[in-house]
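Visitor: Residue strings, one per chain:
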Amino acid sequence: MAHVMLRKTARTDTASAPTAVIIDKLSKKFTVPGGGITFTVIESVSLTVGEGQFVSIVGPSGCGKSTLLNIIAGIESYDGGSVTVAPRAGTASHEPRVAYVFQSPRLLNWLTVQGNIEFVLEAQGVPREQWQPRVTKYLQMVGLGGQEKNYPLNLSGGMQQRVAIARALAIEPDILLMDEPFSHLDAITARKLRFDLMEILGRAKPTILFVTHDLAEAVFLSDHIYMMNTRPARIFKEVEVDIPRPRKPEDSVILDLEKSLVREFFSVLEGKT
Amino acid sequence: MTAQTIRTVGLRAGSIVALLVLWWLAARLMHDPEALPGPIVIGNTIAEDLVKPGPQGESAFLHIGITLARIFIAFAASMLLGTGIGLAMGLSRIVERALLVVIPLLLTIPTILMVFLAVMWFGYSEAGGLIAVMAVVTPYVAVNIFEGTRAMDKSLIEMGVTFKARRPLLIRKVYLPQLMPYIFSAFRYAFGVTWKIVALAETFGLKYGIGYMFFFWFGQFNMDQVLAWIIMFVALMLILEHGVFARLESRAFAWRHSLAR
Numbered sequence: 000m001a002h003v004m005l006r007k008t009a010r011t012d013t014a015s016a017p018t019a020v021i022i023d024k025l026s027k028k029f030t031v032p033g034g035g036i037t038f039t040v041i042e043s044v045s046l047t048v049g050e051g052q053f054v055s056i057v058g059p060s061g062c063g064k065s066t067l068l069n070i071i072a073g074i075e076s077y078d079g080g081s082v083t084v085a086p087r088a089g090t091a092s093h094e095p096r097v098a099y100v101f102q103s104p105r106l107l108n109w110l111t112v113q114g115n116i117e118f119v120l121e122a123q124g125v126p127r128e129q130w131q132p133r134v135t136k137y138l139q140m141v142g143l144g145g146q147e148k149n150y151p152l153n154l155s156g157g158m159q160q161r162v163a164i165a166r167a168l169a170i171e172p173d174i175l176l177m178d179e180p181f182s183h184l185d186a187i188t189a190r191k192l193r194f195d196l197m198e199i200l201g202r203a204k205p206t207i208l209f210v211t212h213d214l215a216e217a218v219f220l221s222d223h224i225y226m227m228n229t230r231p232a233r234i235f236k237e238v239e240v241d242i243p244r245p246r247k248p249e250d251s252v253i254l255d256l257e258k259s260l261v262r263e264f265f266s267v268l269e270g271k272t
Numbered sequence: 000m001t002a003q004t005i006r007t008v009g010l011r012a013g014s015i016v017a018l019l020v021l022w023w024l025a026a027r028l029m030h031d032p033e034a035l036p037g038p039i040v041i042g043n044t045i046a047e048d049l050v051k052p053g054p055q056g057e058s059a060f061l062h063i064g065i066t067l068a069r070i071f072i073a074f075a076a077s078m079l080l081g082t083g084i085g086l087a088m089g090l091s092r093i094v095e096r097a098l099l100v101v102i103p104l105l106l107t108i109p110t111i112l113m114v115f116l117a118v119m120w121f122g123y124s125e126a127g128g129l130i131a132v133m134a135v136v137t138p139y140v141a142v143n144i145f146e147g148t149r150a151m152d153k154s155l156i157e158m159g160v161t162f163k164a165r166r167p168l169l170i171r172k173v174y175l176p177q178l179m180p181y182i183f184s185a186f187r188y189a190f191g192v193t194w195k196i197v198a199l200a201e202t203f204g205l206k207y208g209i210g211y212m213f214f215f216w217f218g219q220f221n222m223d224q225v226l227a228w229i230i231m232f233v234a235l236m237l238i239l240e241h242g243v244f245a246r247l248e249s250r251a252f253a254w255r256h257s258l259a260r
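First to last, the protein sequences are chains B and F.
When we follow numbering that gives the first Met the number 0, the leftmost residue of the first sequence carries the number 0, and every step to the right adds one.
When we follow numbering that gives the first Met the number 0, the leftmost residue of the second sequence carries the number 0, and every step to the right adds one.
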C-alpha cells in the first residue's frame, strides 16, 4: 500500500522546529441573541503547532472544536487571548495562508474539479501561470489525476473529499485546518483516505491542525494530541505520539495508546456530568 | 436530436396545427369574414405586410425592429437593475430593511396604472415607456433575486470567505451560480411583462412599432390587419422565448446536464 513511502521517523521535533500556530489563553463567549445570557464556549485554551507537525484536537461533538478552527481561520471572533499564525520558514513574509477542509466537501458543483481549485487560487491571489501546474500536482497527489474536467457531482463522496483536500493543499497553506474531514464517509472509504493522507503528508509536508472525536483516528495520524472536554472547551491533557511512521491502525502500540487515552477521556468526561 | 426532443417538437407543432384547424373551422362556421377572418386570409395578409411597404410607407420590419429594440432595452435595464438591487438586499441588512418596505408598495400598483403614470410624467416618449417597464419589472426581479440570496448555501459562502475570496469573486463564482434558477424565473416573467407594457405603450402613443400598427389598423377597423399584427407579435415573442431564452438557460445549467446519471 501507498503508506510505505512515508518517512521512517516521527515527524515531531518540537525542540528545533519553528512554530506555525500559537494559541495563547484563547477564550470565547457566546451571548444568546436578545436574551442577554452569556456562556463561555472556549475557556483559556493554549496550544502550539510546530511547522510540519500533525496536531489533533480530540473532543466530544459540539465541544467547540469547530469554533476554535473558525477562529484560527479568521472567520469568527474571540474574546480573550491571542492567535498567531506564522508564515512558513523560508517563504517571504506574507499574510498567513490558512486552508480548510470541512466535514462535507463544500465544492462548487457548477465548476469543474479544476475550476474549484482555481477558485481558491484566485481568492488567494496566486499568479495565473501557477494555476495549471498546481491543479495537476495536487490532483495527482490525492489520486485524482485526469479528473480536472469532471464535475463534483459525478464523483463519489470520498472522491469529492479528495478534491477538497487537493483544493486546500493547492494554496500551499501555512496551516491546514481539518474539521472531522472523514466523519461523513463510510468506514472503508475513511480508512483509505487516512492512509492516503499519511502518504500526502510525506510529500507536501503541510502543517495540520486536525479536529476529531475519534481517538483511534487521532492516534493513527498525529504527532501530538490535545484532549478537550466540553462546556466550556478546555484542554485537559496533551499527549506526544512518539510512534514511528509508517503506522498501521492495528499496531499494538497504537491500540494500546488509544485504549489508555479512551479510558482517560471518558473518566474525565463522565466525571464532569 | 434525441428521440425525446423530436417528440416535444412534434407535440408542439401538432398543437399549433390543431389550433389553426380549430380557427379555420370556426371561421367557416361563423361565415363572417369581417368579425373572424380565417387563417388563410390572415396568412396572406401577413405575407403581404412583410413584403410590401405599409400604409405610411415603412416596411413591417422597421416596426418589428423598433419594438424589439424597445423590448430589449427596457428588459435589459430592468433585469440588470433588479438583479443588482436584489443582490444588494441579500448582502446588506440595511439595504434589505430599507427596500423591503418600498418594494411591496411598488408591486401593488397595477401595471396599467403605472403605464398611465409614466405617460403623464414623461409624455408619449421613449423614456415614458422605458420607465413604465422599469417601474413594474425591476421590483419584481429584485424580490425574486433577494429570495434567491436567502436560499443560498451558507456553508459555501463560508468556504469562500475562509479561503479569503473577495466580494467580486464570491459574487461571480458562488452567489450568481446559485441564483441562476431565480434569475431565469425572473427573466421569464420580466420578459412577458416587458413586451406587454411595450405593446401597450406603443398602442397608446409611441410612434412606430408593432403596437402602433395594431392601433393604426384598429382605427381603420380592419380586422384582417389587426389579427395579422397580433399574430406576428405573438410569433415573435414565442420565437424569442423558446429559441433564445431556452438556449441560454440550458447553457447556464450545462453543469447539471453533464452529469453522468
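Don't read these hints as lab results, they were simulated from the structure.
Computed from a predicted model, the values in this text were never measured in an experiment.
All residues carry an ideal CB built from backbone N, CA and C; glycine is no exception.
Where hints are given, some of them may not hold.
Rough simulated footprint, nothing fancy, chain F against chain B, three-plus residues with beta-carbon under 8 Å [stated by the list, open to error]:
#, stretch
1, 115-125
2, 204-218
In silico lysine to any residue, SDA-like type, Cα no more than 25 Å apart, as pairs [unchecked claim]:
#, chain 1, residue 1, chain 2, residue 2
3, F, K153, B, D23
4, B, K148, F, I39
5, F, K163, B, E75
6, F, K153, B, S76
7, F, K153, B, L154
8, F, K163, B, R246
Only part of the chain F face toward chain B is listed, based on derived beta-carbon distances under 7 Å [unchecked claim]:
#, residue
9, L168
10, I170
11, Y174
Visitor: Are the hints correct? Go through all of them and say.
Guide: Hint check:
1. 115-125: holds (count 5)
2. 204-218: Since 0 is below three, the answer is violated.
3. F:K153 <-> B:D23: violated, 30 Å
4. B:K148 <-> F:I39: Given pair K148 of chain B, I39 of chain F is violated - Cα atoms ~53 Å apart, limit 25 Å.
5. F:K163 <-> B:E75: With a Cα-Cα distance of about 13 Å, the restraint between K163 of chain F and E75 of chain B holds, given a limit of 25 Å.
6. F:K153 <-> B:S76: At roughly 18 Å apart (the allowed maximum being 25 Å), S76 of chain B and K153 of chain F satisfy the hint.
7. F:K153 <-> B:L154: Answer holds: K153 of chain F to L154 of chain B is near 22 Å, not above 25 Å.
8. F:K163 <-> B:R246: violated, 35 Å
9. L168: Result: holds, 6 Å to nearest chain B Cβ.
10. I170: It is violated, given that the least Cβ distance between I170 of chain F and chain B is near 13 Å, above 7 Å.
11. Y174: It is violated, given that the least Cβ distance between Y174 of chain F and chain B is near 11 Å, above 7 Å.
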